[in-house]
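Enquirer: Once you've looked at the hints, dock chain B against the given chain A.
There are 2 protein chains.
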Amino acid sequence: MTLTFPAPSKDKAELETGPAFTPRFDEKGLVTAVVTDARDGELLMVAHMNAEALALTIETGIAHYYSRSRNSLWKKGESSGNTQAVQEIRTDCDQDAIWLKVTVAGHDATCHTGRRSCFYRTVGVENGKARVTITDEHRHFDPAQIYAEKKG
Amino acid sequence: MTLTFPAPSKDKAELETGPAFTPRFDEKGLVTAVVTDARDGELLMVAHMNAEALALTIETGIAHYYSRSRNSLWKKGESSGNTQAVQEIRTDCDQDAIWLKVTVAGHDATCHTGRRSCFYRTVGVENGKARVTITDEHRHFDPAQIYAEKKG
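These protein sequence lines map, in sequence, to chains A and B. Counted the way our numbering counts, the first sequence spans residues 1 to 152. Counted the way our numbering counts, the second sequence spans residues 1 to 152.
Watch out, some of these pointers could steer you wrong.
What the hints assert, rightly or not - Pulled from the structure, derived: some chain A residues nowhere near chain B, Cβ distances all over 12 Å:
#: 1; residue: 11
#: 2; residue: 47
#: 3; residue: 77
#: 4; residue: 78
#: 5; residue: 106
#: 6; residue: 138
#: 7; residue: 140
#: 8; residue: 142
Said to hold, decoys possible - Quick list of the computed label-pair ranges, beta carbon to beta carbon:
#: 9; chain 1: B; residue 1: 85; chain 2: A; residue 2: 131; range: 15 to 25 Å
#: 10; chain 1: A; residue 1: 125; chain 2: B; residue 2: 145; range: 32 to 42 Å
#: 11; chain 1: A; residue 1: 73; chain 2: B; residue 2: 125; range: 15 to 25 Å
#: 12; chain 1: B; residue 1: 17; chain 2: A; residue 2: 125; range: 15 to 25 Å
#: 13; chain 1: B; residue 1: 147; chain 2: A; residue 2: 142; range: 47 to 57 Å
#: 14; chain 1: B; residue 1: 61; chain 2: A; residue 2: 143; range: 26 to 36 Å
#: 15; chain 1: A; residue 1: 137; chain 2: B; residue 2: 78; range: 37 to 47 Å
#: 16; chain 1: B; residue 1: 148; chain 2: A; residue 2: 137; range: 12 to 22 Å
#: 17; chain 1: A; residue 1: 131; chain 2: B; residue 2: 79; range: 29 to 39 Å
Simulated from the structure, these hints should not be mistaken for lab results. Predicted model, so just to flag it, every value in this text is computed and none were measured. From the three backbone atoms N, C-alpha and C, an ideal C-beta is built for every residue, glycine too.
Next up, chain A with everything else stripped away, as it sits in the complex (with noise of 0.2 Å):
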């Protein structure tokens, strides 16, 4: 890793309009991480990103988060063969978020539970209570078999 992050500037104007790309970690080192489908724009996971996976994804063009559940860095795919290929990476007003527009390869499935896009349900409300619904059944590969066969 040779890219680093020089420290984001006080200045607000600086943030906003400046040259500089200062990502605004949090008190976790990690930043926000919205990922479209560079094909037609649908969203498919948010997930985030420290130092390391920000300037691995900007050096090698291959997205790579980090895993607070691991507490590690995650080459989104690694295991599902679904990399996503950056096509482009933006940031927002306050450099707290990053949005990548990707290229899925592989089955062209995001989500672990083999669906293209993590967000597969709508929330509303029935009696007064909070539901979800699901909207996309359709898997694109069998979460059981891949990731057996990936530990093997």
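Expert: The following block gives chain B in isolation, referenced to the frame of chain A:
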């Protein structure tokens, strides 16, 4: 606020496929909210919601967030008029992120800089340094005027 959210199940299958909406608020009581334009899917902003903001959003159909900088409930667009009418709410596999598809009122601008989207810059590398490039200079409103008016 009448809508409440039960604690998330510890059973992964229940969380991923059960009918209950049980958002996984983090240790600060927040979930990440990704906001896209219902018209064309453009990513407009990333923000955070506490239970109150999420319940108000579901109940009123107008997007509410929790401002981490002001530590308070934030009805988006209250000052600028650029409120967000929610067309659809989605959640992801582990229910720690929310996706709002919205129609923006007012100037059709979501960013406080007056731009349509907060993601008005691409990220790249120039001479070994990470740089940002502004790709959208169009301001839908003049922030100095709009926010000054509302303060007065």
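Enquirer: Look at each hint and say if it fits the structure.
Expert: Status of the hints after comparison with the structure:
Look at residue 11(A): its CB is around 15 Å from the nearest CB on chain B, clear of 12 Å, so calling it non-interface holds up. Annotated as non-interface, residue 47(A) brings its C-beta within 12 Å of a C-beta of chain B; the closest such distance is 9 Å. Residue placement check: residue 77(A) keeps its beta carbon more than 12 Å from all beta carbons of chain B (closest about 16 Å). Non-interface call for residue 78(A) relative to chain B: holds, since the shortest CB-CB distance, roughly 18 Å, exceeds 12 Å.
With a minimum CB-CB distance of about 18 Å to chain B, residue 106(A) clears the 12 Å threshold, and the non-interface call stands. Taking the minimum C-beta to C-beta distance to chain B, about 14 Å, the non-interface status of residue 138(A) holds against the 12 Å cut. Even its closest Cβ contact with chain B, about 14 Å, leaves residue 140(A) beyond 12 Å, as expected for a residue assigned away from the interface. Listed as a non-interface residue, residue 142(A) keeps its Cβ farther than 12 Å from every Cβ of chain B; the least gap is roughly 15 Å.
Taken as a hint, the range 15 to 25 Å holds for the pair residue 85(B) and residue 131(A), whose Cβ atoms sit roughly 21 Å apart. A hinted range of 32 to 42 Å holds for the C-beta pair residue 125(A) and residue 145(B), which are about 39 Å apart. Between residue 73(A) and residue 125(B) the CB atoms are about 20 Å apart, so this pair conforms to the stated range of 15 to 25 Å. One distance hint, 15 to 25 Å for the beta-carbon pair residue 17(B) and residue 125(A), holds here, with the actual separation near 19 Å.
About 53 Å separates the C-beta atoms of residue 147(B) and residue 142(A), a value consistent with the hinted range of 47 to 57 Å. The supplied range of 26 to 36 Å is met by residue 61(B) and residue 143(A), whose beta-carbon atoms lie about 35 Å from each other. Range check, residue 137(A) to residue 78(B): Cβ separation about 39 Å, and the 37 to 47 Å hint holds. The supplied range of 12 to 22 Å is broken by residue 148(B) and residue 137(A), whose beta-carbon atoms lie about 51 Å from each other.
Checked against the hint of 29 to 39 Å, the pair residue 131(A) and residue 79(B) passes, with Cβ atoms roughly 33 Å apart.
Hints 2, 16, counting from the list given before, are not met by this structure.
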